[in-house]
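So the protein sequences, as listed, match chains A and B. For the first sequence, the numbering used here gives the first residue as 97, with consecutive numbering after it. For the second sequence, the numbering used here gives the first residue as 41, with consecutive numbering after it.
Hints were generated in silico from the structure; no laboratory data involved. Note that this is a predicted model, so its numbers are computed, not measured. Just to be clear, a hint being listed does not mean it is correct.
Claimed, not checked - Under the rule of at most 27 angstroms between Cα atoms (straight-line distance), these lysine-lysine pairs were calculated in the DSS-like manner:
no.: 1; chain 1: A; residue 1: Lys127; chain 2: B; residue 2: Lys288
no.: 2; chain 1: A; residue 1: Lys188; chain 2: A; residue 2: Lys284
no.: 3; chain 1: B; residue 1: Lys60; chain 2: A; residue 2: Lys143
no.: 4; chain 1: A; residue 1: Lys125; chain 2: B; residue 2: Lys135
no.: 5; chain 1: B; residue 1: Lys60; chain 2: A; residue 2: Lys174
no.: 6; chain 1: B; residue 1: Lys60; chain 2: A; residue 2: Lys188
no.: 7; chain 1: A; residue 1: Lys125; chain 2: B; residue 2: Lys59
no.: 8; chain 1: B; residue 1: Lys291; chain 2: A; residue 2: Lys127
no.: 9; chain 1: A; residue 1: Lys143; chain 2: B; residue 2: Lys288
no.: 10; chain 1: A; residue 1: Lys188; chain 2: B; residue 2: Lys45
no.: 11; chain 1: A; residue 1: Lys188; chain 2: A; residue 2: Lys220
no.: 12; chain 1: B; residue 1: Lys135; chain 2: B; residue 2: Lys242
no.: 13; chain 1: B; residue 1: Lys45; chain 2: A; residue 2: Lys221
no.: 14; chain 1: B; residue 1: Lys288; chain 2: A; residue 2: Lys138
no.: 15; chain 1: A; residue 1: Lys143; chain 2: B; residue 2: Lys45
no.: 16; chain 1: B; residue 1: Lys242; chain 2: A; residue 2: Lys174
no.: 17; chain 1: B; residue 1: Lys45; chain 2: A; residue 2: Lys220
no.: 18; chain 1: A; residue 1: Lys174; chain 2: B; residue 2: Lys96
no.: 19; chain 1: A; residue 1: Lys221; chain 2: B; residue 2: Lys96
no.: 20; chain 1: B; residue 1: Lys291; chain 2: A; residue 2: Lys188
no.: 21; chain 1: B; residue 1: Lys45; chain 2: A; residue 2: Lys182
no.: 22; chain 1: B; residue 1: Lys288; chain 2: B; residue 2: Lys55
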Amino acid sequence: MSKEEENRIIVDNVYKTFNVYMDKANSLKEKMLFWNRNRKEKREVLKNINLTIKNGEAVGLIGVNGSGKSTLLKLMTKIIYPNSGKIITNGKLTSLLELGAGFHPDFSGRENIYFNASIFGLTKKQIDERIDNIIEFSELGSYIDNPVRTYSSGMYMRLAFAVAINVDADILLVDEVLAVGDQHFQEKCIAKMKELKEQGKTMVFVTHSLGTVKDFCNRAIWLNQGVVKMDGEPDEVIEAYLKETT
Amino acid sequence: MNIAKDLYNYRELLKTNIKKDVGGKYKNSVLGVLWSFINPLLQIAVYALVFQVILKSNIENYTVYLCCGLIPWQYFSSIVLRGAAVIVDNANIIKKVYFPREILPISIVTSEGVNFLISTIIILGFVIFGGIGLSWNILWYFLIVAIQFIVSIGVALIVSSLTVYFRDLLHLLGIVIQLLFYATPIVYAINSVPANLQWIVKINPMSYLIEAYRSIFYNQTIPNFQGLLIALGMGIALCVVGYFIFNKLEKRFAEEL
Numbered sequence: 097m098s099k100e101e102e103n104r105i106i107v108d109n110v111y112k113t114f115n116v117y118m119d120k121a122n123s124l125k126e127k128m129l130f131w132n133r134n135r136k137e138k139r140e141v142l143k144n145i146n147l148t149i150k151n152g153e154a155v156g157l158i159g160v161n162g163s164g165k166s167t168l169l170k171l172m173t174k175i176i177y178p179n180s181g182k183i184i185t186n187g188k189l190t191s192l193l194e195l196g197a198g199f200h201p202d203f204s205g206r207e208n209i210y211f212n213a214s215i216f217g218l219t220k221k222q223i224d225e226r227i228d229n230i231i232e233f234s235e236l237g238s239y240i241d242n243p244v245r246t247y248s249s250g251m252y253m254r255l256a257f258a259v260a261i262n263v264d265a266d267i268l269l270v271d272e273v274l275a276v277g278d279q280h281f282q283e284k285c286i287a288k289m290k291e292l293k294e295q296g297k298t299m300v301f302v303t304h305s306l307g308t309v310k311d312f313c314n315r316a317i318w319l320n321q322g323v324v325k326m327d328g329e330p331d332e333v334i335e336a337y338l339k340e341t342t
Numbered sequence: 041m042n043i044a045k046d047l048y049n050y051r052e053l054l055k056t057n058i059k060k061d062v063g064g065k066y067k068n069s070v071l072g073v074l075w076s077f078i079n080p081l082l083q084i085a086v087y088a089l090v091f092q093v094i095l096k097s098n099i100e101n102y103t104v105y106l107c108c109g110l111i112p113w114q115y116f117s118s119i120v121l122r123g124a125a126v127i128v129d130n131a132n133i134i135k136k137v138y139f140p141r142e143i144l145p146i147s148i149v150t151s152e153g154v155n156f157l158i159s160t161i162i163i164l165g166f167v168i169f170g171g172i173g174l175s176w177n178i179l180w181y182f183l184i185v186a187i188q189f190i191v192s193i194g195v196a197l198i199v200s201s202l203t204v205y206f207r208d209l210l211h212l213l214g215i216v217i218q219l220l221f222y223a224t225p226i227v228y229a230i231n232s233v234p235a236n237l238q239w240i241v242k243i244n245p246m247s248y249l250i251e252a253y254r255s256i257f258y259n260q261t262i263p264n265f266q267g268l269l270i271a272l273g274m275g276i277a278l279c280v281v282g283y284f285i286f287n288k289l290e291k292r293f294a295e296e297l
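Looking at chain A on its own, in the form it has when it is part of the complex (with noise of 0.2 angstroms):
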């Protein structure tokens, strides 16, 4: 392993504020009628965030509400950029940031899993290889050449998920989507991700099930207003965590 695969991600310095306009001007007529209109508050997400994330760590974000991990999490798969510092990643990344992960509503599952997966940079072959695994992953059984709108919300994330394990990522970024399934498919997709933990695959994930991340995650981070407050070993962490916030 080269020496820069051994950092899968580098996050240098980060600062990240968002813009919150009290009444948005959207549009150039707008714009140029109320030029005065734009008011808008600057709210600091991240202050100068350091990390460094090493090869075959299993990271667990952790904190309350609007403390930035989501943020955090989107900076890193390039949605979004920092206003300073970088984001450095090595490696191939898929992410899982909320519902959807950018189906096609009236496109079947079988077709979105074409879609959803060359997004990530398969090439069809690639596809047509991994795309029983996938479907026997996801349980979808006959839905799968259903139209995607016709899914429950359990469906979208189960299907979601079984395309993002199944492209051979060496980073998977997962945003809080696991307590959308029912038991049987939360501990399947537990399961599977300690398979890719031991093949030494990274993964990041923001999530407030604490339980998982003390079972599964062999670093926390918590996140607390913009600013890294702890970093370390999960039990410890956790501790803490609880702590401050009960």
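Start from chain A and add chain B according to the hints.
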């Protein structure tokens, strides 16, 4: 170049996107592929009626003349209008996953390009049955299409990224396209434009392209290469400007949508 590598890595996505777009258009309609013929034919009928029958244009074989300009123009106008909406329409995907955002405008330009290739059958039909016939010069068609493709990519990159920040651009562009239609020699001949207004036609890359299509189909001559070179230059300039604008603006797409 980073973008070339990105596009290569995500070629499958580009392919699915284009297929989805070309196939999806005809998938659930009774008349299917006929739709891409009916619309231009109706437009040709209307303009022919207005300019030939009512306004008595003195251009020979006016319907054929019109058709050589109108079909390529429709390609261009659909690039502007559909291109402007493409990022906004795909908001749900952009907010969820990373992929090179350029794929979206590029696949619109390509799939509309496929439609244009199909619609070219109309031009061929008109020149063959309109009493003009074919010459070997129509082989230049592929060169002209290639240049129009480059111009279209540039335009699509610019309009698609700007619309995210200025949503009413979509309506504004509808009007701009109508004005541009009359600023391009489609329904009239370029030499009937007064000298002091010629510059309007000259700054528009579509004028050179439409003149070139007309040369090879209607006049059966070689195209004006100097004009094509100017159009190519403008196309490259649009691509460079478009690339920088898109690159700058794409960073905040997910937040603005």
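Legend entry - Unsatisfied constraints (hint numbers, rising): As far as the earlier hints go, 3, 7, 12, 15, 16, 18, 19 are violated by this structure, in ascending order.
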